[in-house]
Every structure is written in C-alpha cells, then in structure tokens.
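Let the hints inform the model, and build the full structure from the sequences given.
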Amino acid sequence: MATGKQKSVRFEIPRRAVPEYLRIALGEDSTPGSGGRLPDMPPGHRFLLYFPAMSMEGRAHYEEGDRGRRDALRRAEQRGDWAVLLKGPHEITAAWAPLKNGKRRALEEVAGSMGIVAGQLLDAIGRRQCTLASDDDWHADVELCAPLITGSGNPHPVENGFAFLAPYGVPYLAGSSLKGIMRRAAEELSLFSETPGSTGWTLSKVWALFGFDQNSAYFRADSPEVWRDSYFAWAGSIAESDDPVLGTWLDALRSSLPNEFRQTSATDFLRALAASEDLRRAIHWQGLLAFSDAFPHPQAKLGVDILNPHHRSYFQKGKSPHDADSPIPVFFLVIEPGARFRLQVRLLAGRQPVVESIGDWRALLDAAHQHITVWLGLGAKTAVGYGAVRPVAEPGGTSSSSSAGDRRARAAAAAEQAEKEAARKAAEAERRRQAELDALPPTQRLLRLTEEQIDCAAAEGAAPHAQTIETLRRYLKQLTDDAPSWSDPDERERAARLLERAY
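Okay, so the sequence shown: first residue is 47 according to our numbering, each after it adds one.
Simulated from the structure, these hints should not be mistaken for lab results.
Check before you lean on any hint, since a few could be wrong.
To be verified - Calculated cross-link-like contacts (lysine-lysine; reagent style DSS-like; alpha-carbon spacing at most 25 Å): (1) K53 x K133; (2) K146 x K365; (3) K427 x K225; (4) K427 x K347; (5) K51 x K133; (6) K53 x K146; (7) K146 x K133.
What the hints assert, rightly or not - Listed next, with one range per pair, are the computed distances between beta-carbon atoms: (8) I374 x I138: 42 to 52 Å; (9) G134 x R83: 28 to 38 Å; (10) S180 x Q524: 27 to 37 Å; (11) P383 x I162: 44 to 54 Å; (12) T139 x R358: 24 to 34 Å; (13) G384 x S180: 26 to 36 Å.
Note that the Cβ used here is the ideal one computed from N, Cα and C, for glycine as well.
Given below as structure tokens:
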C-alpha cells in the first residue's frame with residue numbers, strides 16, 4: 047500500500063550525437079530492439095560514427111509502498127526498456143551527459159555478426175586478395191582459439207578502442223602489426239632456440255627480411271639482460287663461423303654507413319651496433335618482405351569482454367594500496383574465437399644478392415608462424431591469453447602455410463586434373479551428340495551437320511581452317527544435290543536458308 051513518500055529509480059538512456067533524421071533511421075533510443083537500419087551497417091560504423099556515447103540522465107518516481115511500479119522500473123532499467131521509465135512520473139536531470147554506466151549495453155549493440163554490408167565487403171576483400179596473390183607469395187590461415195583484441199589504443203569513449211578499416215568499417219589486423227609479431231617470433235627463434243640454427247633463423251636474416259630496428263630489445267639497456275646476453279653470444283659466434291647473409295647485407299649497406307664503419311669486419315660491426323646509437327640511427331633498411339592486412343572471414347563475430355582492474359587509486363592516483371577499493375569493470379570489443387584470418391606475405395622486388403644469400407625465406411616464415419601459434423598469438427594482451435591462434439589444416443590434412451614449390455606442385459596437379467576432367471566432359475558431350483545424330487532421319491542429320499559446320503566456320507573468323515572449309519563444301523554440295531527432291535517442304539525451306547547463309 048502506498049504511503050505517499052516518493053522514491054525513484056535512476057536511469058541513463060544512451061543517446062547518439064547525430065542529426066534527427068539519422069536518429070530516426072538508426073532507431074529510437076527509448077525503444078528496445080528498435081535498431082532501425084543499424085544491424086545491417088558495418089560494425090565499425092556502429093562503433094565509431096553512430097555509437098551512443100552520450101546519455102540522458104533522470105529519475106523515474108514511485109510511491110514508497112508501490113512495489114509493483116518499483117519492480118517494473120527496476121526491470122526496465124536492467125533491460126534497457128526506456129519507454130517504461132519515461133512513462134509516468136519522472137524527471138530529466140541531464141539531457142546530454144557522457145555515458146557512464148551503460149557502456150556494456152552500448153557495446154552489445156555493436157557486437158554480434160558483421161551484418162549484411164560488412165559480410166559482403168569481407169567476402170569481396172578475401173576474393174580480391176586471393177586474385178592478387180602470386181604463386182611466389184607465402185600465406186597461412188589461422189583460427190582464433192581465444193578472443194582477439196586489436197587497436198585497443200585507439201581513442202574511444204569506452205576507453206578501449208578497436209581497429210576498423212576506414213571507411214568500410216570492417217575489423218582487421220594491420221600488416222604492420224603482423225610484421226611486428228612475425229619479427230618478434232623470428233627474433234626469439236634466432237636468439238633462444240635450444241639448438242642454435244635449428245630453425246634457420248639468425249638476426250642477420252631478421253634484419254634483411256623485416257628491416258633493421260634500432261630499438262630492438264637486444265639493443266636497449268632497459269630490456270631483460272637475457273636479450274643482450276644472447277645478442278653478444280651470437281655476435282661472438284660470427285668470428286668462428288661465417289654468416290653469408292650478414293656479409294651480403296653489410297655490402298648493400300656500406301655506402302650509407304658513417305665513414306668509420308665502412309671497412310669494419312662483421313664481428314666489429316656487431317659490437318659497434320650494441321655500443322653506438324649513432325650507428326644504429328644511420329642504418330636505413332626497409333626489409334625484403336611486405337605484409338598484407340588480414341581480415342576475418344565474413345562469418346566472424348564481435349563480442350564484449352570485461353577487465354576488472356583492482357587498486358585503481360594506487361595505480362592511477364599514487365595513493366597507498368589497500369583492499370577496500372571497489373573494482374570498476376572495463377568493457378571492450380573483441381573478435382570472438384572461431385574467426386579465421388589469412389596471413390599473406392610477398393617478397394619485394396630488387397636486392398637480389400641479399401635474397402639469394404637467404405635461400406628459402408618461405409621456410410623461415412613457416413617456422414616463425416609455428417612459433418606464433420604455439421607461444422605468441424596475434425593482437426594485443428597476448429601475455430594474458432588473448433589472441434591465441436591455431437593453424438588451419440587444408441582438406442588433405444596439412445597446414446595451409448606452404449612453400450611456393452608446394453603450391454606450384456599442387457597447382458600443376460590441379461591443372462592436370464582439370465584438363466583430364468575437361469577432356470572427359472568433351473568426350474561425353476561428343477558421344478551424346480553422335481547418338482542424337484544417329485537417331486535422326488538422313489535429311490535432318492544432313493541439315494544439322496551443315497548448320498554445325500557453318501557455325502564452326504563463323505566462329506573461326508575471317509580465315510577458317512582449311513579442313514573446316516573442305517567439310518563445309520562437302521555438306522553444301524550434298525545439300526544442293528539432295529534437297530530439291532525432298533518431300534517435306536519445311537526441310538526444303540530450311541536447306542534453302544542454310545545455303546543462303548553459307549554463300
């Protein structure tokens with residue numbers, strides 16, 4: 047029973063800062079499930095252009111003893127049924143305010159399937175990349191077995207951004223990001239393999255293929271000592287065993303190095319690299335590999351994940367740590383497990399001596415790719431399990447990463463099989479044609495053979511083959527001799543039309 051004392055339920059209705067015509071097209075903020083055309087739009091547009099980053103704040107009132115309205119208001123606030131909250135006694139405390147507590151609900155509007163437009167775009171991009179790929183390229187297909195975070199540092203009202211390709215609004219892994227993680231895998235294989243050289247990787251091959259990075263971990267004083275120790279161990283081994291890749295790479299660089307380093311030996315050069323920041327800055331080498339952006343397959347889905355950071359006042363405000371801090375959840379977008387990506391790499395033209403000294407660069411990428419699937423992953427926060435991937439096996443049961451020789455062998459086998467299948471179909475078609483001819487009366491058989499030969503001569507253009515002309519002349523002569531005596535007037539008329547067409 048109502049007592050007359052008024053209480054209220056606070057609400058926060060997400061709002062899009064868009065013109066009125068767009069608000070109507072995208073769906074009413076106050077109606078649950080009224081997405082308008084929003085679900086069909088690419089997720090990047092939902093996340094960036096039309097994200098409800100603002101809100102309308104207010105209170106919906108009820109009498110203290112009115113449990114029915116109280117419970118209805120609480121359920122409506124939990125479900126986002128804003129129309130119920132705005133029906134009956136209420137007050138608006140802020141028409142436009144930054145979204146605070148409804149970020150998860152707003153992100154869930156972005157999450158889910160890619161939508162019709164983005165699905166078509168991803169399918170078209172995938173087909174285009176396959177068309178542009180060369181037999182000499184390296185590729186590998188991977189599947190997510192953990193959520194993937196990409197572009198989390200991009201600015202966004204929910205604090206954690208996401209990487210969408212503008213202006214299309216589809217998620218992607220930038221080629222630069224893939225190059226970075228592949229480089230990290232190659233560096234770890236170069237320096238930390240149980241058996242040195244067992245994977246084929248050395249730092250000289252890393253520099254030649256990926257480019258020289260003056261800020262690599264083994265050059266920085268703030269990196270773990272194991273990186274620098276491993277670098278010096280490798281540099282010391284060069285004095286005992288020649289490194290042809292390092293020598294060829296140095297030959298390509300010498301003219302651009304400072305004068306005092308142009309004539310140094312390989313061992314002295316490696317020591318100088320670790321000691322001289324000026325020398326590292328003077329090296330400008332792009333690398334031999336170009337990495338394409340990677341896109342999820344059209345059936346991939348976006349999800350909403352959560353982090354619960356504790357001790358925020360200690361980490362962000364420098365206050366004393368204690369156990370009374372309430373964790374404030376942080377919601378962010380991820381690509382859900384099961385999404386597939388194709389990693390694609392091509393070799394840049396030029397610098398042939400360095401390429402020849404490296405040898406089979408695709409086999410090296412195979413080893414780095416395997417290291418990524420076992421130890422590293424893709425995207426951000428891989429140290430806590432995000433971005434873990436597994437290789438996708440082809441129908442034959444082998445990994446989709448392969449060398450150019452394997453791909454060329456498979457392509458040749460497929461071409462041979464296609465040629466055999468085409469020959470089989472042609473023979474079958476000829477058998478059916480011959481059976482049909484045998485079933486025709488002699489007059490109709492002659493008419494059909496003549497018509498086919500005229501079509502054949504026309505298809506061969508202005509200069510038909512001699513055999514085609516000879517066969518056609520034979521049929522036309524027989525038609526000229528026999529047709530006048532045929533009893534069927536329709537057959538005689540058809541013969542006359544064929545003769546006119548031929549001559």
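Checking against the hints above, which ones are violated? 8, 10, 11
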